[in-house]
Amino acid sequence: MQTDSDVDEAEITLEDNETEQSQNIDETTEVDSQENDESDSSPNEEKVVFSEAQQRVLDKQIGKKVGKLREVERDNQTLRQRLQDVEAQLNKPVDVEVPPMPDAFSMTDADYKEKVAQRDKAIVESALQKKAAEAQEEAAAKQRADRIAEAQQEAEAKRKVYENRAAELGVALPELQQAGQTLYNAGLHNEVAGYLLDADNGPLISQYLGQNPLELDNVLQKQNQSIADAIIYMHTEIRAKLQSLAKSNINQAPDPIEKPAVSGKQKKQGGPQGATFE
1 MQTDSDVDEA EITLEDNETE QSQNIDETTE VDSQENDESD SSPNEEKVVF
51 SEAQQRVLDK QIGKKVGKLR EVERDNQTLR QRLQDVEAQL NKPVDVEVPP
101 MPDAFSMTDA DYKEKVAQRD KAIVESALQK KAAEAQEEAA AKQRADRIAE
151 AQQEAEAKRK VYENRAAELG VALPELQQAG QTLYNAGLHN EVAGYLLDAD
201 NGPLISQYLG QNPLELDNVL QKQNQSIADA IIYMHTEIRA KLQSLAKSNI
251 NQAPDPIEKP AVSGKQKKQG GPQGATFE
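Each residue of the sequence shown is one higher than the one before, starting from 1 at the first, in this note's numbering.
For the record, the hints were derived by calculation from the structure and aren't laboratory data. In this text the structure is predicted, and so the values were computed from the model without any measurement. Glycine included, every Cβ here is placed at the ideal spot set by N, Cα and C. Careful: at least some of the hints might be erroneous.
Across the chosen pairs, the derived CB separations fall in these ranges [what the hints assert, rightly or not]:
1. Arg147 <-> Glu175: 49 to 55 Å
2. Leu242 <-> Gln181: 16 to 22 Å
3. Lys142 <-> Asn224: 35 to 41 Å
Construct the entire structure; sequences and hints are all you get.
Okay, here's the thing in C-alpha coordinates:
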(Lines of atoms letter the chains of each structure in order from A; the text may use other names.)
(Lines give C-alpha, C1' and ligand atoms only; values in the text may rest on other atoms or scores of the structure.)
Protein backbone atom coordinates (compact mmCIF):
# COMPACT_ATOMS: atom_id res chain seq x y z
CA MET A 1 0.00 0.00 0.00
CA GLN A 2 1.38 3.42 -0.96
CA THR A 3 1.86 6.08 1.74
CA ASP A 4 0.92 9.74 1.94
CA SER A 5 4.48 10.67 0.98
CA ASP A 6 3.93 8.98 -2.42
CA VAL A 7 0.87 11.16 -2.97
CA ASP A 8 2.72 14.28 -1.91
CA GLU A 9 5.63 13.42 -4.21
CA ALA A 10 3.31 12.82 -7.16
CA GLU A 11 1.44 16.08 -6.49
CA ILE A 12 4.67 18.09 -6.16
CA THR A 13 6.13 16.60 -9.37
CA LEU A 14 2.87 17.22 -11.26
CA GLU A 15 2.72 20.82 -10.03
CA ASP A 16 6.36 21.43 -10.99
CA ASN A 17 5.82 20.05 -14.51
CA GLU A 18 2.62 22.02 -15.02
CA THR A 19 4.34 25.19 -13.73
CA GLU A 20 7.25 24.67 -16.12
CA GLN A 21 4.88 24.04 -19.03
CA SER A 22 2.84 27.12 -18.12
CA GLN A 23 5.98 29.26 -17.96
CA ASN A 24 7.12 27.99 -21.38
CA ILE A 25 3.73 28.74 -22.91
CA ASP A 26 3.60 32.17 -21.24
CA GLU A 27 7.05 33.03 -22.57
CA THR A 28 6.05 31.94 -26.07
CA THR A 29 2.80 33.92 -25.86
CA GLU A 30 4.66 37.00 -24.64
CA VAL A 31 7.14 36.78 -27.50
CA ASP A 32 4.33 36.30 -30.04
CA SER A 33 2.46 39.28 -28.54
CA GLN A 34 5.54 41.47 -28.78
CA GLU A 35 6.09 40.40 -32.38
CA ASN A 36 2.46 41.19 -33.25
CA ASP A 37 2.70 44.62 -31.58
CA GLU A 38 5.87 45.41 -33.47
CA SER A 39 4.26 44.26 -36.72
CA ASP A 40 1.16 46.38 -36.12
CA SER A 41 3.12 49.47 -35.12
CA SER A 42 5.37 49.45 -38.18
CA PRO A 43 3.51 47.93 -41.16
CA ASN A 44 5.80 49.63 -43.67
CA GLU A 45 9.00 48.12 -42.32
CA GLU A 46 10.77 45.57 -44.49
CA LYS A 47 10.00 41.96 -43.57
CA VAL A 48 12.95 40.05 -42.14
CA VAL A 49 14.06 37.22 -44.42
CA PHE A 50 16.20 34.43 -42.97
CA SER A 51 18.79 32.53 -44.92
CA GLU A 52 18.35 28.78 -45.27
CA ALA A 53 20.93 28.16 -42.53
CA GLN A 54 19.21 30.59 -40.17
CA GLN A 55 15.80 29.09 -40.96
CA ARG A 56 17.11 25.61 -40.15
CA VAL A 57 18.40 26.81 -36.79
CA LEU A 58 15.05 28.47 -36.07
CA ASP A 59 13.10 25.37 -37.10
CA LYS A 60 15.31 23.24 -34.85
CA GLN A 61 14.62 25.48 -31.86
CA ILE A 62 10.88 25.38 -32.57
CA GLY A 63 11.02 21.60 -32.92
CA LYS A 64 12.78 21.30 -29.56
CA LYS A 65 10.12 23.42 -27.86
CA VAL A 66 7.27 21.47 -29.46
CA GLY A 67 8.86 18.14 -28.58
CA LYS A 68 9.56 19.24 -25.00
CA LEU A 69 5.99 20.48 -24.50
CA ARG A 70 4.59 17.19 -25.77
CA GLU A 71 6.86 15.22 -23.44
CA VAL A 72 5.83 17.38 -20.48
CA GLU A 73 2.17 16.92 -21.37
CA ARG A 74 2.62 13.14 -21.56
CA ASP A 75 4.49 13.09 -18.22
CA ASN A 76 1.72 15.14 -16.63
CA GLN A 77 -0.88 12.67 -17.83
CA THR A 78 1.16 9.81 -16.36
CA LEU A 79 1.49 11.62 -13.04
CA ARG A 80 -2.22 12.40 -12.94
CA GLN A 81 -3.03 8.74 -13.46
CA ARG A 82 -0.51 7.74 -10.79
CA LEU A 83 -2.01 10.24 -8.36
CA GLN A 84 -5.52 8.96 -9.03
CA ASP A 85 -4.38 5.36 -8.45
CA VAL A 86 -2.69 6.27 -5.16
CA GLU A 87 -5.71 8.23 -3.93
CA ALA A 88 -8.00 5.35 -4.88
CA GLN A 89 -5.89 2.95 -2.82
CA LEU A 90 -5.83 5.31 0.18
CA ASN A 91 -9.56 5.97 0.03
CA LYS A 92 -10.51 2.33 -0.44
CA PRO A 93 -12.58 1.25 2.59
CA VAL A 94 -11.68 -1.82 4.59
CA ASP A 95 -13.92 -4.72 3.69
CA VAL A 96 -16.46 -5.62 6.35
CA GLU A 97 -15.96 -9.20 7.50
CA VAL A 98 -19.08 -11.16 8.33
CA PRO A 99 -18.34 -13.51 11.24
CA PRO A 100 -19.59 -17.11 11.14
CA MET A 101 -22.75 -18.15 12.88
CA PRO A 102 -21.98 -18.60 16.58
CA ASP A 103 -22.33 -21.99 18.30
CA ALA A 104 -25.28 -21.81 20.68
CA PHE A 105 -24.03 -24.77 22.76
CA SER A 106 -20.61 -23.27 23.52
CA MET A 107 -21.78 -20.03 25.19
CA THR A 108 -24.50 -18.53 27.28
CA ASP A 109 -27.79 -17.37 25.84
CA ALA A 110 -26.80 -13.72 26.36
CA ASP A 111 -23.46 -14.17 24.56
CA TYR A 112 -25.15 -16.07 21.77
CA LYS A 113 -27.72 -13.30 21.21
CA GLU A 114 -24.94 -10.66 21.23
CA LYS A 115 -22.89 -12.61 18.65
CA VAL A 116 -25.93 -13.06 16.42
CA ALA A 117 -26.70 -9.33 16.61
CA GLN A 118 -23.10 -8.48 15.72
CA ARG A 119 -23.26 -10.84 12.76
CA ASP A 120 -26.56 -9.36 11.52
CA LYS A 121 -25.07 -5.86 11.75
CA ALA A 122 -21.99 -6.96 9.79
CA ILE A 123 -24.21 -8.45 7.07
CA VAL A 124 -26.07 -5.13 6.66
CA GLU A 125 -22.81 -3.10 6.64
CA SER A 126 -21.27 -5.46 4.06
CA ALA A 127 -24.31 -5.11 1.80
CA LEU A 128 -24.24 -1.31 2.07
CA GLN A 129 -20.51 -1.25 1.36
CA LYS A 130 -20.96 -3.44 -1.71
CA LYS A 131 -23.74 -1.20 -2.99
CA ALA A 132 -21.60 1.94 -2.48
CA ALA A 133 -18.68 0.30 -4.28
CA GLU A 134 -20.92 -0.59 -7.23
CA ALA A 135 -22.22 2.99 -7.42
CA GLN A 136 -18.66 4.32 -7.29
CA GLU A 137 -17.58 1.96 -10.04
CA GLU A 138 -20.53 3.03 -12.21
CA ALA A 139 -19.58 6.69 -11.73
CA ALA A 140 -15.95 5.93 -12.61
CA ALA A 141 -17.04 3.98 -15.69
CA LYS A 142 -19.21 6.90 -16.80
CA GLN A 143 -16.26 9.30 -16.38
CA ARG A 144 -14.06 7.00 -18.46
CA ALA A 145 -16.73 6.76 -21.15
CA ASP A 146 -17.12 10.55 -21.18
CA ARG A 147 -13.35 11.02 -21.54
CA ILE A 148 -13.24 8.49 -24.37
CA ALA A 149 -16.14 10.18 -26.16
CA GLU A 150 -14.50 13.59 -25.72
CA ALA A 151 -11.20 12.25 -27.04
CA GLN A 152 -12.97 10.71 -30.04
CA GLN A 153 -14.71 14.00 -30.83
CA GLU A 154 -11.41 15.86 -30.60
CA ALA A 155 -9.70 13.29 -32.80
CA GLU A 156 -12.51 13.52 -35.37
CA ALA A 157 -12.21 17.31 -35.46
CA LYS A 158 -8.44 17.07 -35.92
CA ARG A 159 -8.90 14.49 -38.68
CA LYS A 160 -11.20 16.80 -40.63
CA VAL A 161 -8.76 19.71 -40.30
CA TYR A 162 -5.93 17.39 -41.34
CA GLU A 163 -7.78 16.18 -44.45
CA ASN A 164 -8.76 19.73 -45.44
CA ARG A 165 -5.15 20.81 -45.05
CA ALA A 166 -4.07 17.87 -47.22
CA ALA A 167 -6.50 18.92 -49.94
CA GLU A 168 -5.08 22.46 -49.88
CA LEU A 169 -1.56 21.04 -50.21
CA GLY A 170 -2.54 18.81 -53.13
CA VAL A 171 -2.39 15.46 -51.32
CA ALA A 172 -5.22 13.20 -52.43
CA LEU A 173 -7.25 11.50 -49.71
CA PRO A 174 -6.40 7.90 -50.82
CA GLU A 175 -2.69 8.76 -50.76
CA LEU A 176 -3.09 10.33 -47.32
CA GLN A 177 -4.89 7.28 -45.96
CA GLN A 178 -2.30 4.92 -47.45
CA ALA A 179 0.52 6.93 -45.89
CA GLY A 180 -1.26 6.92 -42.53
CA GLN A 181 -1.67 3.15 -42.65
CA THR A 182 2.02 2.74 -43.51
CA LEU A 183 3.10 4.89 -40.57
CA TYR A 184 0.73 3.06 -38.22
CA ASN A 185 1.97 -0.37 -39.31
CA ALA A 186 5.57 0.78 -38.85
CA GLY A 187 4.86 1.63 -35.20
CA LEU A 188 4.83 5.42 -35.22
CA HIS A 189 4.14 6.71 -31.69
CA ASN A 190 0.85 8.47 -31.03
CA GLU A 191 2.66 11.60 -29.85
CA VAL A 192 4.66 11.75 -33.08
CA ALA A 193 1.50 11.15 -35.12
CA GLY A 194 -0.12 13.96 -33.14
CA TYR A 195 2.58 16.32 -34.34
CA LEU A 196 1.76 15.39 -37.95
CA LEU A 197 -1.91 16.15 -37.33
CA ASP A 198 -1.11 19.58 -35.92
CA ALA A 199 1.75 20.65 -38.22
CA ASP A 200 0.92 22.97 -41.12
CA ASN A 201 2.71 20.64 -43.55
CA GLY A 202 1.85 17.43 -41.70
CA PRO A 203 0.13 15.78 -44.71
CA LEU A 204 3.19 16.38 -46.89
CA ILE A 205 5.48 14.90 -44.23
CA SER A 206 3.18 11.87 -43.90
CA GLN A 207 3.12 11.37 -47.65
CA TYR A 208 6.91 11.74 -47.86
CA LEU A 209 7.55 9.24 -45.06
CA GLY A 210 5.09 6.79 -46.58
CA GLN A 211 6.96 6.92 -49.89
CA ASN A 212 10.48 6.84 -48.36
CA PRO A 213 11.04 3.82 -46.09
CA LEU A 214 14.60 4.89 -45.22
CA GLU A 215 13.40 8.26 -43.93
CA LEU A 216 10.62 6.55 -41.99
CA ASP A 217 13.21 4.27 -40.42
CA ASN A 218 15.24 7.32 -39.39
CA VAL A 219 12.19 8.77 -37.66
CA LEU A 220 11.54 5.46 -35.87
CA GLN A 221 15.15 5.34 -34.66
CA LYS A 222 14.85 8.90 -33.36
CA GLN A 223 11.57 7.93 -31.73
CA ASN A 224 13.32 5.12 -29.84
CA GLN A 225 15.66 7.73 -28.35
CA SER A 226 12.89 10.15 -27.38
CA ILE A 227 9.65 11.55 -28.77
CA ALA A 228 11.22 15.01 -28.90
CA ASP A 229 14.09 13.78 -31.11
CA ALA A 230 11.64 12.33 -33.63
CA ILE A 231 9.61 15.54 -33.74
CA ILE A 232 12.73 17.69 -34.07
CA TYR A 233 13.96 15.52 -36.96
CA MET A 234 10.66 15.89 -38.84
CA HIS A 235 10.39 19.61 -38.09
CA THR A 236 13.92 20.31 -39.35
CA GLU A 237 15.37 17.64 -41.65
CA ILE A 238 12.18 16.39 -43.31
CA ARG A 239 10.78 19.91 -43.56
CA ALA A 240 13.97 21.14 -45.26
CA LYS A 241 13.93 18.24 -47.74
CA LEU A 242 10.32 18.99 -48.67
CA GLN A 243 11.20 22.63 -49.28
CA SER A 244 14.15 21.57 -51.42
CA LEU A 245 11.96 19.20 -53.44
CA ALA A 246 9.39 21.96 -53.96
CA LYS A 247 12.06 24.32 -55.32
CA SER A 248 13.45 21.56 -57.53
CA ASN A 249 10.04 20.83 -59.02
CA ILE A 250 9.53 24.51 -59.82
CA ASN A 251 12.94 24.86 -61.48
CA GLN A 252 12.46 21.68 -63.54
CA ALA A 253 9.03 22.62 -64.89
CA PRO A 254 8.88 21.77 -68.64
CA ASP A 255 8.58 24.47 -71.28
CA PRO A 256 5.21 24.94 -73.02
CA ILE A 257 4.63 22.44 -75.83
CA GLU A 258 3.86 25.20 -78.30
CA LYS A 259 4.61 28.86 -77.95
CA PRO A 260 1.67 31.21 -78.69
CA ALA A 261 1.72 33.02 -82.03
CA VAL A 262 3.04 36.56 -81.82
CA SER A 263 0.88 39.64 -82.57
CA GLY A 264 -2.27 37.54 -82.48
CA LYS A 265 -1.61 36.04 -85.95
CA GLN A 266 -3.07 32.62 -86.55
CA LYS A 267 -0.82 29.86 -87.66
CA LYS A 268 -1.24 28.97 -91.37
CA GLN A 269 -2.44 25.53 -92.28
CA GLY A 270 -0.06 23.22 -94.08
CA GLY A 271 -0.54 21.73 -97.56
CA PRO A 272 -0.08 22.72 -101.22
CA GLN A 273 -0.76 26.30 -102.27
CA GLY A 274 -4.35 26.93 -103.30
CA ALA A 275 -5.66 23.84 -101.50
CA THR A 276 -8.78 24.23 -99.39
CA PHE A 277 -9.86 22.15 -96.37
CA GLU A 278 -13.44 21.48 -95.42
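Leu242 paired with Gln181, Cβ distance criterion 16 to 22 Å | For Leu242 and Gln181 the Cβ distance comes to about 21 Å; the hint holds.
35 to 41 Å as the expected CB spacing between Asn224 and Lys142, which holds or is violated | 38 Å, holds
Does the Cβ pair Arg147, Glu175 satisfy 49 to 55 Å?
-> Violated, at about 33 Å.
Hint compliance for this structure: hint 1 alone is broken.
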